[in-house]
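**Student:** From just these sequences and the hints, can you work out the full model?
There are 2 protein chains.
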Amino acid sequence: MTHDVLRITHDLRSMTYDLRLPVLALAGGVGGAKLAHGLAMSLPAGSLSVVVNTGDDFKLWGLHISPDLDTVMYTLSGLANRAQGWGLEGDTTKGMEMLARYGIDSWFMLGDMDLSTHLLRTYLLNEGRTLTEITSQLAASLGIQSAILPMCNEPVETFVQTPNGLLDFQTYFVAHKHADNVSGVVLKGIEDATPTPEVLSAIEQAQTIVLCPSNPFVSIGPILRVPGMLNAIKASSAHKVAVSPIVGGAALKGPAAAMLASMGHEVSPVGVAQLYQGVIDRMIIDRLDESYVPHIEALGMTAEIADTIMKSDDDRRALAERVLDLRS
Amino acid sequence: MTHDVLRITHDLRSMTYDLRLPVLALAGGVGGAKLAHGLAMSLPAGSLSVVVNTGDDFKLWGLHISPDLDTVMYTLSGLANRAQGWGLEGDTTKGMEMLARYGIDSWFMLGDMDLSTHLLRTYLLNEGRTLTEITSQLAASLGIQSAILPMCNEPVETFVQTPNGLLDFQTYFVAHKHADNVSGVVLKGIEDATPTPEVLSAIEQAQTIVLCPSNPFVSIGPILRVPGMLNAIKASSAHKVAVSPIVGGAALKGPAAAMLASMGHEVSPVGVAQLYQGVIDRMIIDRLDESYVPHIEALGMTAEIADTIMKSDDDRRALAERVLDLRS
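Here the protein sequences line up with chains A and B, keeping their order.
With my numbering applied, the first sequence covers 1 to 328.
With my numbering applied, the second sequence covers 329 to 656.
What the hints contain is simulated information worked out from the structure, not anything from laboratory work.
Any given hint might turn out to be false.
Restricting the straight-line Cα-Cα distance to at most 25 angstroms, the calculated cross-link-like pairs of lysine to aspartate or glutamate (DMTMM-like) are [claimed, not checked]:
1. A:K59 x B:D643
2. A:K234 x A:D192
3. A:K59 x B:E455
Simulated coverage check for chain A against chain B, where a stretch passes if three residues somewhere in it have a Cβ under 8 angstroms from a Cβ of chain B [as the list claims (entries may be wrong)]:
4. 53 to 63
5. 90 to 97
6. 101 to 111
7. 114 to 125
8. 293 to 304
Even for Gly, the Cβ is constructed at its ideal location relative to N, Cα and C.
**Tutor:** Shown next as C-alpha cells:
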C-alpha cells in the first residue's frame, strides 16, 4: 500500500532503472546501512526494501530501542552521524547529563534527538501498533522512499556465549566493547518469530536479494533464522548476492572477524561464503582479497572483485551498482 | 527516616533557628515553589516538608509528567529556569525538534533535560515504586534537603468546566493558555486518594503550616480535597498561615484571578481568605492590598502586610521569614 503510494509520488525524472526490478536487501547496522543507502540512491524510489535485524533490540529505562532499524533509518534519511555511523548528526546529550545527575549509569549513549525515536516507538508499541507499522510511519516522516522492514514483529533477544557466561548482546557489544571470546550465539524467542507478510511479499517480488556486509552471526544470521525466512529466500528465483563484511582478514567495524575465528571459521571472505553456501549464488569481495576468488567459486557461486570500503556517497553508490550488476 | 538522616548530616553552622520547629508548606507550581524555596533557605536543613499538588499530573507519549513536583524540585535545587519559572536553566529542545520531524504536535514543551526526569519517573513507576519514593530519590540526587511530598500516590486528574465542556487541565492551561471561562473544577479520582503516611506524619509534626501563594482552586484546592487531608490539618495545633496569590486584583501568574471571578468570588485577598476560612488563622497580603485588612480580620483571622512579590532570592527569604514570624 505505502509502496504503491511511494511509486506514484516519486520523481519520475529519477527513473533511470526499470521499476519492475524490485530489490531486497538484508541488513544489520552500520555496514549494511551504508550499502542499503547506496542501493536506495541507485534505484528508483519505491523499488528497494530493506529487511533489518531486530535481534539486538532491547529495553532501556522502559524504552524500546532498535539499534539496527535506527541506523538504517537515519542513514537512508541522510540524518545519520557519518563519523560514528550510528546516531544522528548534530545530536546532543543533555538528557543523559541530567540522568547522570540522578545517579543513572549511562553506559549506553542516547542522544536527545535519538531519544525521541525510542520514546515515540515505545509509545506506539504500547498503543498496540506493530514494529512494522511504526517503522513505516517513522521512515515516511523522514522522507525515506524505501521500505524499511523489521525481520519480524515478535521480540527476539540476542545473547552470546562467552567464558564469562551468556551475555546479552548490548552488554557484550557496548559495555564490554565486544572484547569477550564468543563461542556461540543464542537467539531467545526466535522459534516464536515469523517473517511479516510485508517481508514475505518483498521476498516474493524481489528480482535481486542482497546480503549486505553486516555481521553474519548477529546481523544477517538472526534474519535468516526467523522460521520460514530461509525457505522463502531459497524458494525465490531472485539473483542472490552477498557482499563480504571481511576485508583483508578483518571486519571494517565490529566483531565479525573475531567471531569467525572464535567459532572455528576461516577469517576471510571464504569463511563468510561458507556460511552463506546454498543461499547465495554470487559473492562480492574486496580487491584486497582477490586471491580468494577460486576458493569461493569452489563453493558453487561466482565471486567478483569490487571496492567494498564505503567512505563517501559515491563509494556507496558505486558498490550498489556492482551489486545490482549494473556496470557489468 | 530520610528526614532524620538529613538532620544529622546538615551543616550545623546554618542552625540559626530551632530545629524543633518543623514547617509544612502546601504548594502548587511557580508561586508556591518560590516561597517553598524561601522557606528552605531560611530554615535549617531537614525541617521543611513541602506537600505538592499532583492533580495536574498527566501522561504524554507514555511519560508520567508531574508539573508541580518538578517545578518545586527544580526550584529547591537551584536548577530552575528562573526567567520562565518552570523547566530547567540551560535546557534545550532537540528532542522536541526531532518529534516535530516525525509529525508530532508539540503543544507541551519538554526540554531535553526535563524529559529525563519524566523518563526516569515513568520507568520507576512502572517498576512498582510509589510517586513518593521516586520523588524522594530524585530530590535527594539533586541535593535537596527538604522533603518534597506528593499529596498522594493515587492518580488524580484535574478537569475544568468551561462553556466548551469539560477540559483536562493541561489542555485548558497550556494549549488554551487558560483563556476559557471556568465555572467549576472536577478532580477525577480524588475520592480514592489518601494522604500518604509521609504527608500525615509531616502534618502531625508541623509547628507551622503554610498555604503558599498558589492557585486556591487547582493547586492548593486539590491538596485540601484529598479525603482526610483537611481534617488532619484542622486537627493540627500548628500555626496556619496563607499567603495571598492575588495582588492588586490580579494573579502574579496563571488563572487564579479569572477563576475567582468566574466562580463568583471576590477578586482580592478577601476572596482567597474566604476560601481558606476555618483552615488558617493568619493571612499575609501584599502591601498593595492593605485596605483589605479589616475585611479579612472580620473572617476570624489576623491579616498582615508584606512584600509578597518574589523576584530575587532575597525576596523569597524575606517573605519566608515574615511567614515564619521570625521578624515580628
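**Student:** Please work out if K234 (chain A) and D192 (chain A) have their alpha carbons no farther apart than 25 angstroms.
**Tutor:** Roughly 21 angstroms between the alpha carbons, so the hint for K234 (chain A) and D192 (chain A) holds.
**Student:** Verify this for me: three or more residues of the stretch 53 to 63 of chain A with a beta carbon less than 8 angstroms from a beta carbon of chain B.
**Tutor:** Coverage by chain B holds for the stretch 53 to 63 of chain A (3 residues, Cβ < 8 angstroms).
**Student:** Quick check: do three or more residues in the stretch 90 to 97 of chain A have a beta carbon closer than 8 angstroms to a beta carbon of chain B?
**Tutor:** Three-residue rule met by the stretch 90 to 97 of chain A, so holds; n is 6.
**Student:** Hint check: K59 (chain A) vs D643 (chain B), CA-CA at most 25 angstroms. Holds or violated?
**Tutor:** violated (46 angstroms)
**Student:** Check, residue by residue, whether the stretch 293 to 304 of chain A contains three or more positions whose beta-carbon lies closer than 8 angstroms to a beta-carbon of chain B, and give the verdict.
**Tutor:** It is violated, with 0 qualifying residues against the three required.
**Student:** Test coverage of the stretch 101 to 111 of chain A by chain B using CB-CB distances below 8 angstroms; three residues minimum.
**Tutor:** Coverage by chain B holds here, the residue count being 5 at a Cβ distance below 8 angstroms.
**Student:** Is the listed coverage of the stretch 114 to 125 of chain A by chain B valid when you require three or more residues with a beta carbon under 8 angstroms from a beta carbon of that chain?
**Tutor:** holds (count 8)
**Student:** With a cut-off of 25 angstroms on the C-alpha distance, tell me whether K59 (chain A) and E455 (chain B) pass.
**Tutor:** Holds - the C-alpha atoms of E455 (chain B) and K59 (chain A) are around 13 angstroms apart, at most 25 angstroms.
Hint check: violations occur at hints 1 and 8; the rest are consistent with the structure.
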